[in-house]
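Participant: Each protein sequence line maps, in turn, to chains A and B. For the first sequence, the numbering used here assigns the number 108 to the initial residue and increments by one for each residue that follows. For the second sequence, the numbering used here assigns the number 242 to the initial residue and increments by one for each residue that follows.
These aren't lab readings, by the way, just hints derived from the structure by calculation. Glycine is no exception: its CB is placed at the ideal position from the N, C-alpha and C atoms. Check the hints yourself; a few may be wrong.
Stated by the list, open to error - Subject to a maximum C-alpha distance of 27 Å in a straight line, what follows is the list of computed BS3-like cross-link-like pairs (lysine-lysine): (1) 1222/B - 127/A; (2) 922/B - 843/B; (3) 1239/B - 128/A.
Unchecked claim - Pulled from the structure, derived: some chain B residues nowhere near chain A, Cβ distances all over 12 Å: (4) 419; (5) 495; (6) 507; (7) 625; (8) 696; (9) 730; (10) 763; (11) 780; (12) 863; (13) 1013; (14) 1100; (15) 1127; (16) 1152.
What the hints assert, rightly or not - Which bits of chain B does chain A cover? Going by a derived footprint, with three or more residues having C-beta under 8 Å, they are: (17) 430 to 441; (18) 731 to 745; (19) 1235 to 1247.
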Amino acid sequence: MLICLAAGLCMSSCDLFNKKKFDEAMLPGHWQSGTLHEYYDANGTGYTWDTSDDVGPEEAQPFTWTLNNATLTQNHQMEMGGIVPKTYTLTTLNTNTLAYHDDYGKSYTFTKQP
Amino acid sequence: MKKGLKITLISLLSLLGLFLLTVCFVLWSVFSPARLTKLVNQEAPKFLNCNFHIDKADLTLFKTFPHVGIDLHGLLLLNPVYGAPTDTLLHVKHCTASLNIRELLNDKHIAIRDFHLQEGNANLFTNPVGQTNYNVFKTTSDTTSEFVYTVDLEKVQADDVNLSYIDLASKVRANLHDLDLLVKGSFEQHDVQGSVNLNSQAFDVVTLDEKPLLAKCDQLALDFTGDLLQLDSLLGTLHLKAGNLTLHSGEDAYLDSADVALASDIRLGLSRQALGLKDAQLALADYKLSLEGEAQRDTATGDIRMDLRYKTETWPLKEALAFIPEALIGNALDGLDLDGRIGLTGTVTGHYNEQEKPLITSDVTLDDGTFAVKDFPFPFDHINSQFHVDLDPNNLTNVTIKELSAYTGRNHITAQGTVKDLLGKMLFDLALKGDLQMQDFKKLLPESITRFNANAKADLKASFDQSQISSKAFDKMNVKGHILFTNLDFLYDDSLALKSPSLDLDLDFPVKERPYRIGEWAHLIAKAPHLTGSKTGLGDVTAADAHLDAYVNNLFDSTLTFKMGTTYQFATVEAQTDTVEATLQHPSGTFVMQNSEQLSLKYAGDALVATVKGTLAARTGKLNLTAASHYNTKGKNALLRWNPDVKLKLAQGNVIFDKLDEPLGIPSLDVDFTPARCHIKEGRIKLDESECRVSGEIRNMDKYFDNRGLLSGTLELTSDYLDINHIMNLVNGLGAPDSLLAEKSESSEADPFIVPHGIDIRVNTSIKKALYEDAEIRNVGGHVAIKDGILVLDQMGLTSDAARMQLTALYRTPRKNHLFVGLDFHLLDIKIDKLIAMIPEVDTILPMLKSFAGNAEFHFAVETYLKSNYDLKYSTLRGAAAINGHDLVVLDNETYQNIAKKLRFSKKTENKIDSLSAEITIFKNEIDVYPFAVSIDKYQAILSGRHNLDMTYNYNVSLLKPIRLGLDIIGTDKLKYKLGKAKYADFFKPERQNVVEKNVMQLKQQINQALRSNVREQPVEP
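Please take these sequences and the hints and turn them into a complete structure.
Facilitator: Written as structure tokens, this is what we have:
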């Protein structure tokens, strides 16, 4: 039990202390990861599409986003009225690269598109 | 004339006196010529008041034997009169005379045994004031003394004498050349008896009028025997022959070089200038004419009054017509070719002068005649006719046709009636019967009638004139009657065809009635036991027992478009187009075609059977249809071209769609339809076991098909049972763009349902029971809407065995391989096992749910795009769900056993949970289960985690009671259970929540609220 408690405290403190801050001004733009595309507007909106499913940018689905320190939250508003929130942790954000992962270990690395 | 005769007689007597003197002198001078000549020259002035000269006078014994006569050689009488062309009155080589002096002196009887003029010229002249040159014998001053002598002319003769007569007072000039004259007779008491025989080598007489009447001939022979009563009335028998007789009046020729012979009893009134004929036989060339009657010339006006009767032999018509003066007949025969054998009986009555011509009537018999009019394509032959002609040059010449039979080609025509103004407009008013081959009359028909083949038996009354015939202006004619067509084959404008083995037609044109206001020209009533028609581009129609009562506008006016209005009645009508076949039972109604673009139809019928090839087959019971159409050639489809205005009532309808296995029944339908508005007053529809009642309006079909607007409408649909699957099949792909339909599908077999575009239709439903997919649902109430490519089920409330439900669904088909489907589904009071059975996808979204049993409330919103084969496009998948349950039972399955084992659940633990409230989101292939608490017996845990659609799991169970402990459940098919920390130990303790837990709780609330916001109260089944 003590070992578990210690491990748990260590993990929590790592999250707390390793949390980076990213400049949200770096986010707007067109990012691509393979067939997956994300586009962030500076006004907090964005849209995403995946060409592997025969979807083009004109058919992209919208979301709103916020970046708080390293936490990137995408709220995907459904046409049918529901909300699908997705929360990611940024690991890289510069002029060329955007990288984040979710709490279940799924990570994405995007490159900036002109 | 009487004065002239008197002067002539006085002159004759004066000559006789001269002769007596001569005889006396002969006797006195012992018959010496010299003495006799001298004596005559000395004594003649006592009798003559003109200059004269005698070459020699001689007594004759032998020439006048047994009487003594005198022969004057070179007798010349000169009497110049003002205006006369010559001063010579008479100049003859010989003038021989023999006279009984004793009877003259004793008995006052002038007996001229012989008076003979030979070889000379006589010029008789009267100037305009009546002064004559032949009044040369001196008379006593007592003009009142009566002529008391009797005269006996045994022989008065002239040989080779040229006689010129000019009477300017009477305006007559005549010449006789080489005149041979023999006159015998007697004169007593003002009466003359005798005979005249006259021959002349040339004769001419002309009136000196403004329009001179000229008669001349080469040979003139006249033989007259009779009486001259009171020196005025000539009665006798006349034989007259004139060779090459020419009669002219001014420029008008009445006769040209014709041999004329006349034999007649005549009655000639000299003072009256009247000529009467009796039993006259007039021969004009070879044409003989019986003639009697009277002609009289008015001496004051020059008018000739005629009252004659004539009768001809049978003449060859063409040759006889050549003798009719152009002045009489004008140019009436121009362009006409007439022949045959003709006989005439008639009269000539009336006045002849420059203004008037006599009326000629004639009863005509024409046998084997021919008749042709220039530029008229139908010559007639075998004409047999009897008719009466009133030839009135002053007014109208009329013909009454008593009977007429003629052929033109193989067509036989009979006629009775009248022809007025024969020499002018030729106004026909006929009763016609014909046995005709209509194809022979193609040339008469307007070009718009492409073919007209038929045998026709016609019985018509027709009024028309010659100009209408020659100009083919048949529309100006008046025609009424009946025609029986057999083997009719009619083609109008190369597009409208009509065929019938027998068609009975009553026709009447022009008409005054205007029942349809289409410029009615003809009224046609057609009856046909069998009739077929076809219209290029439309199709064929076959009718039985057809009865049409139609009016049409002027078919012969090429500037007009065809119009018609008709009532119709049939036993059956079968119609066929490229795509439609229809059979109508006992249809009747009216049809009006204002033009090819404006049609109206009223229809009532017992039944309709129709087939639209490749689409549907329909059958009705009683059918009432009122339709009108304004045709627009620019319309993009049949609806927009015809623009129908339809009122339809039908019963017992039945429609079989090719795409449906079962027929669509229409027990009743009451619809008012225009392209702008379709008002369904009542419609009952039955499809397989489905039955519904529909009412409402569909609007803007015109704008929809013209791509100018949405097809909109609202329908009320009520039903006891409805199979939605059939309906989906029925409207599949209707109106979608071609590009969309032609798009290649993801799978060659894929043919997704394409929502109609350009449509905004809302259906308010009230369905007691419905079948969708395999689920039976009840109390379906709500709205189904199709709006421009989007199908919406809007808050449909329904009930099934599993739950009370509310469904809002959205199906949009922007393109064939990109189909959007969205659901907002609320299941109230649902049995979890039936929920999973009804929606197997729930097990994928929330796999732990199958571990529970009991009732729950399930709210679910999901949307995604699909491929054409309905495969998910996972990258577009979004969803959120919330489930709330109470008093659930945890099923004792392998998973539960593993969890219970790891978390050291007591074996006595009761597997019931008081409540469950979970929120789930779906993003692409990720299904995130937000933390939710579960209480089982004395245990309390929080479950959360994620699994992917590939069934890889990453869950955490945070056990809060009785101890805090975490259990991670990871893996795919073979799950791994690993103890760890309690991830959400303080999740439901707000005061102790960390930032992450607060955020997650907030998200849970957002998800839940968003899902529940659309729920409305659903009725609970009793």
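Participant: Just pull the numbers of the violated hints for me, sorted ascending.
Facilitator: Numbers 14, 17 and 18 - these are the hints that the structure violates, sorted from lowest upward.
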